[in-house]
Amino acid sequence: MKKLFFAFLGLALSTGLFSQTLDMSTLAKPPAGSWPMYNGDYSGRRFSSLTRINSGNVKNLSLSWLYRVNAGPGLGSNVSSTPVLVDGVLYFTVPDHVWAIDARTGREIWHHAHESKGGIHLGNRGVGVYGQWLYFETPDCNLVALNLKDGKKRWQTSICDPDQMYFGSIAPLVIGTHVITGVSGDDLDIPGYIESHDPETGARQWRFYTHPAPGSEEAKSWPSTEAMVHGGGMTWGSSTYDPELNLLYFGTGNPQPVIAGKARAGDNLYTESIIAVNPDTGKMAWYYQVSPHDTHDWDANEVPVLFDGVIDGKPRKLVAQAARNGYFFVLDRTNGKHVVTSKFTKANWAKGLNAKGQPVPDPAKDPAKDGVLVAPNQAGAANWPPASFSPQTGLFYVNATDAYSVYYIYDDDEKPEGWGGNDRGGWSKSTLKALDYKTGKAKWEHPWEGTGGPRSGVLSTAGNLVFAGDPSNNLVALDAATGKPLWHTNLGARMSNGPMTYELDGSQYLVLAAGDMVFGFVMNEK
Amino acid sequence: MPDAPGRAVVLQVCGSACHGPSVVTGAGRSRDQWTAVVNQMVARGAKGSDAELGQIINYLSTQFGPGATPAAGAKGGGPPASTGRGPGPLGSGAADSHLVDDAGAERGKTLFAAECSTCHGQKARGGNEALPAAQRGSDLIRSLVVLRDRYGSLVSPFLTKGHPMRSGGDAKSLTAAQAGDLAHFLHQRVYATLRNGGELQIQNILSGDPKAGLLYFSGAGKCSSCHAATGDFAGIGKRYDAVTLQQKFLFPRTVAFGRGAPPPSIKPAHVTVTLANGQTVAGNLVSLDDFNVALRDAEGNYRSFTIQPQIKVMKQDPLDAHVALLDEISDKNIHDVVAYLESLK
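From first to last, the protein sequence lines stand for chains D and A. The numbering used here numbers the first residue of the first sequence as 1 and each following residue consecutively. The numbering used here numbers the first residue of the second sequence as 527 and each following residue consecutively.
One or more of the hints may lead you astray.
[To be verified] Listed next, the stretches of chain D that the computed footprint assigns to chain A, with coverage defined by at least 3 CB atoms under 8 Å from CB atoms of chain A:
{"no.": "1", "segment": "177 to 188"}
{"no.": "2", "segment": "264 to 273"}
{"no.": "3", "segment": "368 to 378"}
{"no.": "4", "segment": "398 to 412"}
{"no.": "5", "segment": "437 to 445"}
Calculated directly from the structure, the hints in this document are not laboratory data. This one's a predicted model, so the numbers in the text were calculated from it and none came from an experiment. Just so it is clear, CB atoms sit at the ideal spot from N, CA and C, and this is done for glycine as well.
With the rest of the complex left out, here is chain D (with noise of 0.2 Å):
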C-alpha cells in the first residue's frame, strides 16, 4: 500500500512535469530530481539532494551522450549557461541561440537562432520557464520569449539600449508573474539596473536602477548627481529569491568610471553590493555594500546564496558570498546585517574591515600611472562561476582564485570618463574551497596544480559529492566532507558553466559544458 501510494505521488509530480509546463508551486519547490531554473532552485545553493551519484561509486560514472553545439567558432559557442530541466528536455543557450536538446540522449530538438542587432557577445547564462514559454536575454538588449514545445518565438521586448552599450546576458529568473531581468555593460558610464517583465506579454512592470534617489541620504555617496546616475553597477549576475521573505537577491557590478575612480569621491552606492527587493513592486529592502569606492572593477554580482544556519546557537535565514574582490560575506538575509566577513583569498587592497564588516580600501592600491600591484586580478578571486553550499556538510564551496596584476591610471584628467585605465599582466593559481560559513574559514581547500584559473562553477550533492573544474581541463568529483579527489575525466576543454544534475526514469545524470561541447553522464547501477 505504501509502495503504491508513492507511486501515485511520484506520477502526479512527473504529470506536472510532463505537459512541458511550469507554474510557481513547481519552482517555489522544486521536485527531487528536477532542475527547473539556472540555479536549481530559488536558494542559489546548487544542492542537489540526489544520492545515486554517491562518493561509494561515482568511480563508474559514464559518459551517456554529447552534443556538440554549432553557431559559429569560439565564444559564439562557449556554453556557459547552466541547462534547465523541464520534463526530459534540457533548455541551454550561448549568446543569440538557445537549444532544447533530450535530457536522456542529447539529440537536439529544436534550435532558435536571434538575428542579432549587435552588443557584446561575451557569454550567455541561460534561460527561465514559466508555464509553456522560456525567456532568454540577447545581446542586443531583448528579452525574448520562446514556446517551449517548438522554439518559436512568442514576442520580444527591448530591456536596454545598445548605443550605451549595454547588453543582455544573464538568465532571467520567474517569480510568480514576474520575469526579472538584469543588464550588463561597462564599457560606457551608464547607470544599471533590474527589471520586472509581464510574462505573458512582455512588458514592463518596474525598474529598479542601482543607485540612489537623488536627494536621499545614500546620494551622498556620490559627488553628483550627475557622478552618480552614470555611476555604472550593472546587474549581470544570477539572482535569488525566497519565497517566505518574498524578497529578490542580487548583485550589483562595478562603478563607473571604473579604474579612474579621481572623479566619483565616495561609497558609490549601490555598486559592489548585495541588494533586497520586493519582486512584486522593485522597492528595495535593504543593500549591503561589499566593496566601497571600488577602483579595480570587482563586480559583486557572484550569486548571492540563501541558506538557513545557526550562528551562536540561534538559526539565522542567511545570504552568503564569495565576492570577486577576494572576501567572503555571510549576512542576515532577512535584514542584510552583517555576520561574517572573512578574507578567502590573498588580497592587498583593504587596510581591514569596518564595524560592519566591510573592507576599508587602502588609497595606496588605488591604480597609479606608475602601476601598482595589486591582489586579486581584475577577474578577481570569484567571478560569474556559481559556488554550491551543502545542507549536508554545511560547507560553502568555490574555486577561488590567488592572483595579481599591475593596476595603471592612463588618464590622469581630472573627469576621467569610462575606462581610464585597466589592469595589465598577471600570475594566478586557484583552488577549489570548502569555507565553514560561521567562520569564513575554509574547512578544507584542494589546489590546484598549474596556474591560471578555471571559470567554471561548482555542484554539491546529498551523495556526499563535490563536482568541480580544474585549470587542466578536468572534470573532478571531490569527496564533500574532506575534498580527497575521487574521479577525474578529461574534457578537452576547460568546464565553462556550472554542472547539473537530475534524475530520469530512475537515473541520476550529470550535465556540464566544456567550450562547445555539452556532455551527459550518467550513473549505470546495474
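Keeping the supplied structure of chain D fixed, place chain A upon it in accordance with the hints.
For chain A alone, coordinates are given in the frame of chain D:
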C-alpha cells in the same frame, strides 16, 4: 579572417575557448594597442606559448592595423560595415554603429576646438564643473543625441535647429558635411573611452629611484642571486621599454612584449619523476595536474605518467622566486627596480 602567417595560431589560441575571430575584426589598432589587448587576454586566461602570442600580435597588427577595414558583418546579423572604425574589438554597441572616418574626425576636431570646446570642454566631456550650470556645456560623451547618432543623423538636425557657437555665429550655418565631421569626432571620442578603446595607454612609469632599485636588486629582492647587470641583464634597458621590464620581472610567465622585440624564451619548469622501481625520468615540464604528469626529456622525447601513490613527482620552477616576490615586494620597490633596470643601457 584574412589568410596570412599566424592565422592558424590566432584561431587556435583566441578562438577555441573564449571568443570567435569576429570579435577582433571590428577595429584597427596599432601594434602597441594589439599587444595590450593580447596581454589583457593572457591575464584573463588565454593560453598560448610565448612564440604563439608573438605570432598573434604580428598577425593582428598586420591584418588589423590602424588602416584596416572592419570586416563586413563583423557582428553577426548586422548590416555590412562601410569603412571606418567601430566601437571596439569586443563588439560593444549596435551592429550598425557609426564607423569613424579618421579624416572626418580630424576636421571635426578642428571645428570643435574652435566653436564648441569653450562650453563642452576639449575632450567633449562637458564644461568646467566650477562654472554655473547655465554656462556649462553638457557632457557630449554621455549625450544620447551623440550615442544614437549615425553619420550626423541626429547631430545635424540638433545643430541646425540653432545652437550658439564660440565665434558668435549660429550652428544653423554649418553645412551637412561639417555636422558630419563633428559627428565623426564625437563618436571617435566616445569610442576612445571604451574598455578597449585603445587610444589611452600606460603613461610614464619611471617614477622610481635607480639607486634604491640597485639596493633592492642585490639586497632584499635577491634578484642578484640569479641575474647580473654585467651578465644576462647587460643592456636590458635597451632591449625592453619600462612597462615591459616591469611586467617581465613581476610576471615572467605572462610575458609583455616591447619595442617589437621577438618574444624571449622563458625558462621552463623542470620535473623529476621517480617510478616505483626507483628509476627516475627528468625533463622540462609539459603538464601537471592531480592525475598525470608529462615532460620532455633531454633528448626531446615526450613522456607521460599516471600519478599513483608509489610515484614521486618533484617540480622545480626557476621562476618560483618571482612568484614568491609578489607577496613581499612593495610598489616603491617595483618602481625602483624598473628605474634601475631601465638604466642598464
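Please count how many residues of the segment 368 to 378 of chain D have a CB within 8 Å of a CB from chain A and say whether that reaches 3.
holds (count 9)
Three-residue Cβ test at 8 Å for the coverage of the segment 437 to 445 of chain D by chain A:
violated (count 0)
Go check the segment 177 to 188 of chain D versus chain A for me, would you? Three or more residues, Cβ under 8 Å, otherwise it fails.
Coverage by chain A holds for the segment 177 to 188 of chain D (4 residues, Cβ < 8 Å).
Given that the segment 264 to 273 of chain D was listed as covered by chain A, double-check it with a C-beta distance under 8 Å for 3 or more residues.
violated (count 0)
Count residues of the segment 398 to 412 of chain D with a Cβ under 8 Å from any Cβ of chain A, then say if the count reaches three.
Holds: 8 residues of the segment 398 to 412 of chain D have a Cβ under 8 Å from chain A.
Against the hints set out earlier in the document, violations occur for numbers 2 and 5.
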